[in-house]
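Asker: Below are the chains, spelled out letter by letter.
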Amino acid sequence: MTITKATLDAFIDDHLNEQDSIRVEKAVRESPELHTLLKSIVASRDIGDHSIGAIWRREHLSCPTREELSSYKEEALDTQRIDYIKFHLEIVGCNACQANLLDLNSAKGPKANPAAREKHRQFLENSKLLLPKKQ
Amino acid sequence: MASTEEQLLVKKIQDGDEQAWSTLILRFEGRLTNYALRKIKDHSSCQDLVQETFLGFLSNIGNFDPSRYIQSYLFGILGNKINDLLRSRDKSKIIDHAVDSSGNQLDAGHADSAMGASTWYRGDEKKKLENDALIKCLNLLIEHLLQKKDYLKLKSIELLFVKGVSNLEAANILGIDNRTVASHRHYANNFIIEHLKKLHLSPDVFPQFSQQDQD
Ligand SMILES: [Zn+2]
Numbered sequence: 318m319t320i321t322k323a324t325l326d327a328f329i330d331d332h333l334n335e336q337d338s339i340r341v342e343k344a345v346r347e348s349p350e351l352h353t354l355l356k357s358i359v360a361s362r363d364i365g366d367h368s369i370g371a372i373w374r375r376e377h378l379s380c381p382t383r384e385e386l387s388s389y390k391e392e393a394l395d396t397q398r399i400d401y402i403k404f405h406l407e408i409v410g411c412n413a414c415q416a417n418l419l420d421l422n423s424a425k426g427p428k429a430n431p432a433a434r435e436k437h438r439q440f441l442e443n444s445k446l447l448l449p450k451k452q
Numbered sequence: 031m032a033s034t035e036e037q038l039l040v041k042k043i044q045d046g047d048e049q050a051w052s053t054l055i056l057r058f059e060g061r062l063t064n065y066a067l068r069k070i071k072d073h074s075s076c077q078d079l080v081q082e083t084f085l086g087f088l089s090n091i092g093n094f095d096p097s098r099y100i101q102s103y104l105f106g107i108l109g110n111k112i113n114d115l116l117r118s119r120d121k122s123k124i125i126d127h128a129v130d131s132s133g134n135q136l137d138a139g140h141a142d143s144a145m146g147a148s149t150w151y152r153g154d155e156k157k158k159l160e161n162d163a164l165i166k167c168l169n170l171l172i173e174h175l176l177q178k179k180d181y182l183k184l185k186s187i188e189l190l191f192v193k194g195v196s197n198l199e200a201a202n203i204l205g206i207d208n209r210t211v212a213s214h215r216h217y218a219n220n221f222i223i224e225h226l227k228k229l230h231l232s233p234d235v236f237p238q239f240s241q242q243d244q245d
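One line per chain: the protein sequences are A and B, in this order. Note that the first sequence ends on residue 452 in the working numbering; no numbers are left out. Note that the second sequence ends on residue 245 in the working numbering; no numbers are left out.
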């Protein structure tokens, strides 16, 4: 694995799979040059300079829509599009799209147990109090 | 740009509409919880983080630009919260150390405002305009490739920019020639530079254009 500036950038955004993330981490520990590079990326982000990759990930620029993911699940898209979405999910490893797909696949949803359902209900009630006051 | 329906939902919440708020929570909590569960295995902690994310969104609702995608914004807040929680992990330590020793600590309150929100730029309007311009150019590039159904180029560029792999690795993943990947990278860079110029911005404001052609 070659570690480029763009790799470190993806590392900061937590966009690497676990295996690659561990590799990068190890390399950064062992190489003062990579550590310096990582530092410079963090510093430049702090003043608002974002790389193409960081912006692309943050804005989910190439992510299929939720509706498209739903059609992907049903294989109701043209083969090229299905192939691309598979690539985006599995090779690029987009966390947001994987989460969406998991959510679409789980019939019960995230509130499977009674405690979680109750916590959800309470949150819904309590958070309403924080809404802006009606004009 | 967010759909009209989504923009309306935000406007209603900004006006204090309870029903709209419930709709937003019900719509997004499933995907957010699944996102958190990928990093944090404990369901209850994930639920807490997701609820904090909604509160973070609500606390900035007055400044939220309805044309933004709610999902990207929420994932941004949640991502920050997950990183904060995982701070004890080695990876975060490395990044934290890099932050500390550069002397530029990130805003303490950044967790409540997804990256890309105005606070992230520390009120630097110029930087925000530059980043917005880059988003516009990237969107045009992706739309252009999708229109031409040039999925190979899109995959190539996504691997290089988003996954951060080298030309050679991208070539191996896609089963194509190294030089073809290099030409895709050139194509993308030229496309972006050309469109930045159309927006009257100098590509020099994005230092990566001088470095991206190297490997
Ligand atoms: Zn995605």
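Simulated from the structure, these hints should not be mistaken for laboratory data. Treat the numbers as computed from the prediction; the structure is a model and nothing was measured. No residue lacks a Cβ here, since even glycine has one placed at the ideal position from N, Cα and C. Don't take every hint at face value.
Computed footprint of chain A on chain B; a stretch qualifies when at least three of its residues, placed anywhere within it, have a C-beta under 8 Å from a C-beta of chain A [unchecked claim]:
#, stretch
1, 48-60
2, 172-185
3, 205-217
4, 220-233
Each computed DSBU-like pair below joins lysine-lysine, with the alpha-carbon atoms no more than 30 Å apart [unchecked claim]:
#, chain 1, residue 1, chain 2, residue 2
5, B, LYS227, A, LYS450
6, B, LYS111, A, LYS436
7, B, LYS227, A, LYS445
8, B, LYS69, A, LYS445
9, A, LYS343, B, LYS71
10, B, LYS42, A, LYS403
11, B, LYS71, B, LYS166
12, B, LYS71, A, LYS451
13, B, LYS111, A, LYS403
14, B, LYS41, A, LYS451
15, B, LYS158, B, LYS42
16, B, LYS41, A, LYS450
Asker: Hints first: check each against the structure and report whether it holds.
Answerer: To see whether the hints hold, each was checked on the structure:
A stretch counts as covered by a chain when three or more of its residues have a beta carbon under 8 Å from one of that chain; for the stretch 48-60 of chain B and chain A the count is 6, and the coverage holds. For a cut-off of 8 Å, the count of residues in the stretch 172-185 of chain B with a CB near a CB of chain A stands at 5, and the three-residue condition holds. Residues of the stretch 205-217 of chain B lying with their CB closer than 8 Å to a CB of chain A number 0, which falls below the three-residue condition for coverage. Counting residues of the stretch 220-233 of chain B whose CB lies closer than 8 Å to any CB of chain A gives 1, so the stated coverage by that chain is violated, three being the minimum.
The hinted pair formed by LYS227 (chain B) and LYS450 (chain A) fails the criterion: a straight-line CA distance of about 44 Å is larger than 30 Å. Restraint check for LYS111 (chain B) and LYS436 (chain A): satisfied, since their Cα atoms lie roughly 19 Å apart, inside the 30 Å limit. At most 30 Å may separate the alpha-carbon atoms for a hinted pair to count; LYS227 (chain B) and LYS445 (chain A) exceed this at roughly 46 Å. A distance of roughly 29 Å separates the Cα atoms of LYS69 (chain B) and LYS445 (chain A); the hinted pair therefore holds under the 30 Å criterion.
Of the pairs offered as hints, the one joining LYS343 (chain A) and LYS71 (chain B) holds, with about 24 Å between alpha carbons and a cut-off of 30 Å not exceeded. For the suggested pair LYS42 (chain B) and LYS403 (chain A), the alpha carbons sit about 36 Å apart, so the restraint of at most 30 Å is broken. For a cut-off of 30 Å, the pair hint linking LYS71 (chain B) to LYS166 (chain B) is broken: about 36 Å separates their Cα positions. For the hint linking LYS71 (chain B) to LYS451 (chain A), the alpha-carbon distance of about 39 Å lies beyond 30 Å, and the restraint is violated.
A C-alpha spacing of about 28 Å is found between LYS111 (chain B) and LYS403 (chain A), which places the hinted pair at or below 30 Å, so the restraint holds. With a C-alpha separation of about 12 Å, the suggested pairing of LYS41 (chain B) with LYS451 (chain A) holds against the 30 Å cut-off. At roughly 26 Å between alpha-carbon atoms, LYS158 (chain B) and LYS42 (chain B) fall within 30 Å of each other, so this suggested pair holds. At roughly 13 Å between alpha-carbon atoms, LYS41 (chain B) and LYS450 (chain A) fall within 30 Å of each other, so this suggested pair holds.
Taken one by one, the earlier hints fail for this structure at numbers 3, 4, 5, 7, 10, 11, 12, listed in ascending order.
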